[in-house]
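Chemist: Taken in order, these protein sequences are the chains called G and V. Take 1 as the starting number for the first sequence in the working numbering and just add one per residue. Take 1 as the starting number for the second sequence in the working numbering and just add one per residue.
Hints listed in this document are in silico derivations from the structure and should not be mistaken for laboratory results. Do not rely on the hints blindly, as some may be mistaken.
Within a straight-line C-alpha distance of at most 20 Å, the following computed EDC-like cross-link-like pairs (lysine to aspartate or glutamate) qualify [to be verified]:
(1) V:Lys74 / G:Asp325
(2) V:Lys62 / G:Asp211
(3) V:Lys62 / G:Asp303
Just so it is clear, the structure is predicted and the values come from calculations on it, not from any experiment.
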Amino acid sequence: MEYATQTSFAETEQAAVDNPRTQVRGAEILVRSLIENGVDTIFGLPGGAVLHIYDEIWRYRDEITHYLVRHEQGAVHAAEGYARATGKVGVALVTSGPGATNAVTGIADAYMDSIPLVVITGQVPTAVIGTDAFQEVDTFGVTLPIVKHNYLVRNVEDLENAVNEAFHLASTGKPGPVVIDIPKDVTAALCEYRKDRVRFLSCQPVQQDCDREMLEVALDKVLSAKKPVFYVGGGVVTSGASDALTRVVETLGVPVTPTLMGLGGFPTAHAQCLGMLGMHGTYTANMAVAESDLLVAIGVRFDDRVTGKLAEFAPDAEVVHIDIDASNVGKIRKPQYPVIADARVALEIMAEMLSRRGTRDHRERLGAWWGEIRKWQEAVPLACEYSEFEIKPQQVIETLYQVTNGDAVIVSDVGQHQMWAAQFYPFKRNRQWINSGGLGTMGFGLPAAMGAQIAVPDTQVIAIVGDGGFQMTNQEIITAIQYKVPLKVLIMNNGYLGMVRQWQEMFYERAYSEVDLSISPDFVKLAEAYGAQGLRAKTPGELKAVLEQGLEYKGVTIWDIVVSKEENVFPIVPVGGASRNMILK
Amino acid sequence: MRHTISIIVANQPGELSRIVGLFSARGFNIETITVGKTLEPAWSKATVVTSGDDRTVEQIIKQCSRLARVREVKAVTSLPHIEREMALIDVEVKSGTERQEVMSLVDIFRAKVVDISHERMILELSGTMDKVDTFIDMLQPFAIREVTRSGCVAINRLSRLMTDEQAERAAA
Numbered sequence: 001m002e003y004a005t006q007t008s009f010a011e012t013e014q015a016a017v018d019n020p021r022t023q024v025r026g027a028e029i030l031v032r033s034l035i036e037n038g039v040d041t042i043f044g045l046p047g048g049a050v051l052h053i054y055d056e057i058w059r060y061r062d063e064i065t066h067y068l069v070r071h072e073q074g075a076v077h078a079a080e081g082y083a084r085a086t087g088k089v090g091v092a093l094v095t096s097g098p099g100a101t102n103a104v105t106g107i108a109d110a111y112m113d114s115i116p117l118v119v120i121t122g123q124v125p126t127a128v129i130g131t132d133a134f135q136e137v138d139t140f141g142v143t144l145p146i147v148k149h150n151y152l153v154r155n156v157e158d159l160e161n162a163v164n165e166a167f168h169l170a171s172t173g174k175p176g177p178v179v180i181d182i183p184k185d186v187t188a189a190l191c192e193y194r195k196d197r198v199r200f201l202s203c204q205p206v207q208q209d210c211d212r213e214m215l216e217v218a219l220d221k222v223l224s225a226k227k228p229v230f231y232v233g234g235g236v237v238t239s240g241a242s243d244a245l246t247r248v249v250e251t252l253g254v255p256v257t258p259t260l261m262g263l264g265g266f267p268t269a270h271a272q273c274l275g276m277l278g279m280h281g282t283y284t285a286n287m288a289v290a291e292s293d294l295l296v297a298i299g300v301r302f303d304d305r306v307t308g309k310l311a312e313f314a315p316d317a318e319v320v321h322i323d324i325d326a327s328n329v330g331k332i333r334k335p336q337y338p339v340i341a342d343a344r345v346a347l348e349i350m351a352e353m354l355s356r357r358g359t360r361d362h363r364e365r366l367g368a369w370w371g372e373i374r375k376w377q378e379a380v381p382l383a384c385e386y387s388e389f390e391i392k393p394q395q396v397i398e399t400l401y402q403v404t405n406g407d408a409v410i411v412s413d414v415g416q417h418q419m420w421a422a423q424f425y426p427f428k429r430n431r432q433w434i435n436s437g438g439l440g441t442m443g444f445g446l447p448a449a450m451g452a453q454i455a456v457p458d459t460q461v462i463a464i465v466g467d468g469g470f471q472m473t474n475q476e477i478i479t480a481i482q483y484k485v486p487l488k489v490l491i492m493n494n495g496y497l498g499m500v501r502q503w504q505e506m507f508y509e510r511a512y513s514e515v516d517l518s519i520s521p522d523f524v525k526l527a528e529a530y531g532a533q534g535l536r537a538k539t540p541g542e543l544k545a546v547l548e549q550g551l552e553y554k555g556v557t558i559w560d561i562v563v564s565k566e567e568n569v570f571p572i573v574p575v576g577g578a579s580r581n582m583i584l585k
Numbered sequence: 001m002r003h004t005i006s007i008i009v010a011n012q013p014g015e016l017s018r019i020v021g022l023f024s025a026r027g028f029n030i031e032t033i034t035v036g037k038t039l040e041p042a043w044s045k046a047t048v049v050t051s052g053d054d055r056t057v058e059q060i061i062k063q064c065s066r067l068a069r070v071r072e073v074k075a076v077t078s079l080p081h082i083e084r085e086m087a088l089i090d091v092e093v094k095s096g097t098e099r100q101e102v103m104s105l106v107d108i109f110r111a112k113v114v115d116i117s118h119e120r121m122i123l124e125l126s127g128t129m130d131k132v133d134t135f136i137d138m139l140q141p142f143a144i145r146e147v148t149r150s151g152c153v154a155i156n157r158l159s160r161l162m163t164d165e166q167a168e169r170a171a172a
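With the rest of the complex left out, here is chain V (with noise of 0.2 Å):
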């Protein structure tokens, strides 16, 4: 099960290498991490996408919770939420036609072409990571040169309803 977890953690130097260590340290893993500021300049949010059990997550948030220097822990996954994800991806397109295939693909995703040459395009997407997974799986036929992938943000929905899954979960 694949969670997302938010941290408010204070700007300084190390704080970050002090949350990456807990997480090797006591075995969680670390799908994708993406930190940025707040609107307060001594904090910065951390969000980690990370993959584990309930009782995985508890510790996480608990663990997480313990340092000095961090605030607030959140699984953002707990209750509704909004998740994003930013891909840049490289991809050579050879002929007219490849170029039409791929731009009926940007379409389909709303994806953006950034660049162009002869032979390449620079494509921007965002959406969930499923979503990026599905537009690189679909871009695959044609050679995909290097994709940079921004990791994880997300942030809960401003309204309280649950999907019947959320509300499975938080009832266990």
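Same shape as in the complex, but just chain G (with noise of 0.2 Å):
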């Protein structure tokens, strides 16, 4: 399709002929700017609309690696792992019209947790922007709600500064995704790339402080409380807070339960961990928000999955609340000690000020509390009964962690599974648990794992997922296989959509609606399609060997593991009720 305003690569080198030195392609003022704001690693699958940015992809293709995956989805899911391991910014490059509409759903779940992701989408020439041309569709108006800012460049002049400022927002604050639109002619037209990187508009600072004197009255409180809680999430991943954290609450004393977001932020294994909080979270993490006097949320949203009813969410606490969204502070509960602050600088600066006041066993004051604490461990610890028959999955994931160490980066997908990695690996350090918790995305893990891997190369990534969202973007597989990015999948496999089945036999009479997945494809025989090696286990005995199998193969393994159909994660707090109320088995 020929439009009136496209130019041809022929003029376009023409006019470079013309203006030898300072006049360029707006898509090589894109490439060489993504250069510029540290990109060396790009995600995405080419079209019409982009078929400039891609010439000079291919110019570039020294200094940008570009992994071509086989859908967008899974670009954008790529993108975001890349920026969950590391907490660089991700990118991801999709043409205009289906190739932004694919890429909505990573871009929703990179809002959702807060990732920090550059979206290049391509436009259709400006000349005919709302004539409903050829793969049209107005990707500006599509992504308004889910990206933290987004961009049509309309003029070649903006682009720079529009790719700048992307990279900024992105990574400062609060991440997010930002999505920049840019119609085709726009990466046709010349213009001089000036590497100017300061000139920008956005009107909000970077947070570098803090409320001293609220902290220290927040301080106050915490020294004077008889059941404080430690409530920390995906912030304190973000901010790169842990080891502060881990000073602060270790010279305090005080028990700490981290979020699904939170996971590896604080090490689950401290002995100070309570485990994870919210509706499939531990019986005494539970319990010990509920009987807590002040709870100290630091990068943490209140997420309806985590309070239960509100009401009954910590109902005798006061609250202090630290985090960089001021509209998150007071959205859902009202804190008594708001402080709007990255969690690092917050959680430094309180360790300064308990260094200043002086080391004080305040363990000791806090004895009565962790004597309730213990009762409730012991009483009702995480656990599994294992079978002689068929393996349990909480198994899986218990002998997974045996045969990796405990040191896998461990990438999850949605459902049960997530629920079980969540509960029964325990992770030692930041970034080590990488899963899709406010959208909830099915077909997350797979992509996800594989942007991760390539991002942490020396470290060995995890897919955990369930045969239900392996199916969603196993595509991803031959890219892995391509670029020889030796990614682990690990399909839990009950031959059902297993959360929703869990509901229907908990909530709805056993009425089992549309959640039975026994007819699937042959995972195994699937793997060796794609060129990868495929692993199956079915009964406990062969567990272990299989698993270490897999990992000892160089390249791309998928195991399949066929676990017990019917099991169930607990605890679990149903949807609206109290988490002390929670069903144990």
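Dock chain to chain to rebuild the complex, using the hints, since each chain is given by itself in its own frame.
Modeler: Structure representation (structure tokens):
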């Protein structure tokens, strides 16, 4: 399809010859700006509207490695995995229309979990915008509610600034996805590349400090509280606050419970860690929060999956809420002590304040509180009974922990396996746990794990997926094969959309409506068709050897681990229920 | 409770839809919205009249403040302020008596007649939203053909005096 405004390559080249020194194509400005912003990895899939950009991707192939995915959703999840594993901005590049709409799920996923992304979408030429042109969609409008910011760059003069500002916005404050929609003619238009990194209009200052007075007051409260609990979330992971958090809570001797997004931010095996809280959190964590008299919430947003029935969430507690996003503070629960700050900044200041006040053993003071906590821990530990005949899903995670020495980066899809992985793999460090927490995107796991493995090539990354989610994005196996990414994918195969089945069992009188996946492809053969190693385990006896065999293999491994069909995730707080009334088995 | 919020936003394509989109996505109500130029060509001022409890208004302000192209968000109604809305009302007046009655309302409300024909008049009124509501209500006995309202604009008073009600709200 030819457009009147389309500039041919020959014309552009001629213009470049006429203006040899300064004038370059918009596409080149884009790619050079990406490099200038530290980008060396892009996930994408070409199309008509991004042909000029791909031409520059080819020219700059020594500086930027482009990973050709097989579906645009995979590109964005892979960029997310890359960003979640490192904290760097992930970059995806897709074409207009369906390219952009396929990317939407990943963009929304990154928005919900505050993941720094820059997504570049092609657009039809400016002259035909609004005419229902071929592969036209209003990407600016479609992505508006699910981005931190977005651009439709109508003039090539604005492109460089847009890219620079996009990286600034994506990575500062509360991170998030930024979309840059670029019409095809803008990528062909000529302009000077200024290498100018500072000119932008963003109104949002970067938060460097916090209200120290309020923090002192909060600290006084912690030191006088009888039953304090630290409730820590994704903000701790994002800001890299783990060390500061550990210093503070060890000095204070207080119990800590991470959210699903906060796992890894505080070592699960730490003596002061109560395990995850919330819908599938530990009995101890939920009881401790319910009984607490002071809740110190750091980098969290009082998500409904954490609080359950709001009126009965920490009903007797005063709340200290530390968060970088002012709109999170007071949105769900009004804190007595609000502190708008980056989690790491606040915790480092808190650590300073504590050392200035002089060290005292605060643990002793909390002896009675720890006594109560230990009783809950003994009464209802996280546990599972193994079987002689079938593999228990929890057992898969525990065995995986053993054979990886607990060091692997675990990337989870969404469903029961996600909760078991969260419960039974004690994470040791920040960014060791990657999952789709807010949006709950099935299909996230496999491509995100691929992106993460590319980002951290020296650490083993393992995708844990269900047989349902696996089938949503398994096309990216071939991408991993193509680029020799040694991805390991563990399918917890129970032949069901397991989490939905569990809810139907518990809350819909076992009416198993449309959850049966017993008719599925042979995953081992499928793996082999892709050129990957396919391994299956059906009995507890072969589980460990099969996992080890897969880890030893240098290439891509797909494990089909057949687990007990109707295992449920416990504990569970029914939707809208009080967390102290969780169902234990 | 009704609140008027003023938002200084970059004068760029799409920025208004970002604000309106935020209101609908977060379930905030918009009673009226107006946008106009400021003294700086790069910036516009949007005035939104919304309703909700204090917590909702706090959320609106915080959510709008997060936007990259929003420079300032202010709850105009939290301090003494002046608000005005303008209305243009096309009303039928079939007889001399009717015209006289309408004219006496125009007089009472300090409205203006801006156009007239044998059977109709176009009236212009500016005042608080309540005043405009009342004026339109008083015109109901006559056949109103069309009403165009501008939406509310507002500005804080120079005096810092608060009404009792506002002081109470500020204290809470």
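Chemist: Could you run down the list of hints and mark each one as holding or not?
Modeler: How the hints compare with the structure:
1. V:Lys74 / G:Asp325: 18 Å, holds
2. V:Lys62 / G:Asp211: This hinted pair holds, its Cα atoms lying about 17 Å apart.
3. V:Lys62 / G:Asp303: The hint holds at about 18 Å.
Of the numbered hints stated above, none is contradicted by the structure.
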